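S.K.: Model the placement of chains B and C on the given structure of chain A, informed by the hints.
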Amino acid sequence: MPYWEIFTPENAFTPEDKEQLSEAITSIYVDYQSLPKFYVVVLFKDMPANTMYVGGKPANNFVRIRLDHIARQMDGAEIRAMFMGLVEEKLAAFVKDRGYDWEVHVDETPIDLWRTQGLVPPPAHSDVEKLWAKENRAIPYEVAS
Amino acid sequence: MPYWEIFTPENAFTPEDKEQLSEAITSIYVDYQSLPKFYVVVLFKDMPANTMYVGGKPANNFVRIRLDHIARQMDGAEIRAMFMGLVEEKLAAFVKDRGYDWEVHVDETPIDLWRTQGLVPPPAHSDVEKLWAKENRAIPYEVAS
Amino acid sequence: MPYWEIFTPENAFTPEDKEQLSEAITSIYVDYQSLPKFYVVVLFKDMPANTMYVGGKPANNFVRIRLDHIARQMDGAEIRAMFMGLVEEKLAAFVKDRGYDWEVHVDETPIDLWRTQGLVPPPAHSDVEKLWAKENRAIPYEVAS
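Protein chains in written order, with the working numbering: chain A, 1 to 145; chain B, 1 to 145; chain C, 1 to 145.
With the rest of the complex left out, here is chain A:
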């Protein structure tokens, strides 16, 4: 969590682009929500010509982004709009400024149906979460029952 899927035309992004974009995406969650970095997963998927269609026509200049939010549900219209604004800001240099069309949507999924490295992730802002963030890895701990 968060889990991003980014569909692009083939070879739209170099490995350097992908690293930079995934760093920019990671920074949203680290800077604003103090999430451990390693919670942020971004998958890039090259889509060959004639595999993406928009309005019934091939869309070979299109970037489609779909993400799931798990660890933090965003409460309140303001914070949700702010998040979407941050997403657009981080994407701009890679997508809008390069002349691609694009669309983004987010789903929210149940926090209790999530495991990382086989562990129940610690509660938001708990000491264990802070430790995981500091060490940037999942560390076994005693789950409160």
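These are calculated hints, taken from the structure and not from any lab test. Computed from a predicted structure; not experimentally measured. Do not take every clue at face value.
For chains that are exact copies, the list does not tell them apart, and a pair is met inside one copy or across any two.
[Claimed, not checked] Listed below are the simulated DSSO-like cross-link pairs for lysine-lysine, each with C-alpha atoms no more than 30 Å apart in a straight line: (1) K57 with K45; (2) K90 with K57; (3) K96 with K57; (4) K96 with K45; (5) K96 with K37; (6) K130 with K37.
M.R.: Structure of chains B and C alone, referenced to chain A:
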């Protein structure tokens, strides 16, 4: 929104098939909900042999479709069943009639966590949405606050 | 339903691995929920180097699993935790024991927006579902209205 992912055996569909099927899918939303055409995104994904499994066995004659609905939540059992009926009707010529096995499911995701071309999509049936539909593109407008 | 997507480094799993893992996944639903086997769909997706990023860095030793639950919503914290435990147990031989990093999350989607072979799946634990399970295929029946 709507966002369709269609997983097929490799080369199951020609580019012409994909264009026709994505047009048929688009027509559901344009004819029944007056959505702008460009809201309808369909991604086709070729799945090589031994990458799809059904009930623990390789399923190399299988089409799996997963979609997200964002812009319109469908209220009422009747309209939801009617929508699923339309989906099956549009798919039939490409899937059932060609002898594939198939399965479809739909998720519904939050409308406020969706942007197209960096813009907040206009309210359903608003004048701006009608303009977007007529021009078949996202046009900046003043978002009511 | 259930619908699993498993993203792995290229060639992480042989066809034999994939068949065994999908059988292990299927057994969760058959043994604990008496679902028809063919409800369980698992898609495996090879991810080339530099297409998966974790915390802004390439993650070329990472298995990411995302699944949708449709047919059965799991009620109660205990059953949900038990399910996640079973998932980890079934994955271990293929993922943890082979030294991969991994993460899993589950979404839950509306049961009424699901069709298999064009049919409305029968109610949980109904006689028709039992017949589908026994025959391991979708059989047309009269849907109660």
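S.K.: For each hint, tell me whether it holds in the structure or not.
M.R.: Do the hints match the structure? See the list:
For the homomeric pair K57 and K45, the shortest alpha-carbon distances inside one copy (20 Å) and between copies (16 Å) are both at most 30 Å. In this assembly of identical chains, the alpha carbons of K90 and K57 lie at most 30 Å apart whether taken from the same copy (28 Å) or from different copies (16 Å). For the homomeric pair K96 and K57, the shortest alpha-carbon distances inside one copy (20 Å) and between copies (23 Å) are both at most 30 Å. Taking the shortest alpha-carbon separations for K96 and K45, both the intra-copy value of 18 Å and the inter-copy value of 25 Å come in at or below 30 Å.
With identical chains, the CA atoms of K96 and K37 are at most 30 Å apart both within one copy (26 Å) and between copies (21 Å). Taking the shortest Cα distances, K130 and K37 sit within 30 Å of each other inside one copy (11 Å), while across copies they are farther apart (42 Å).
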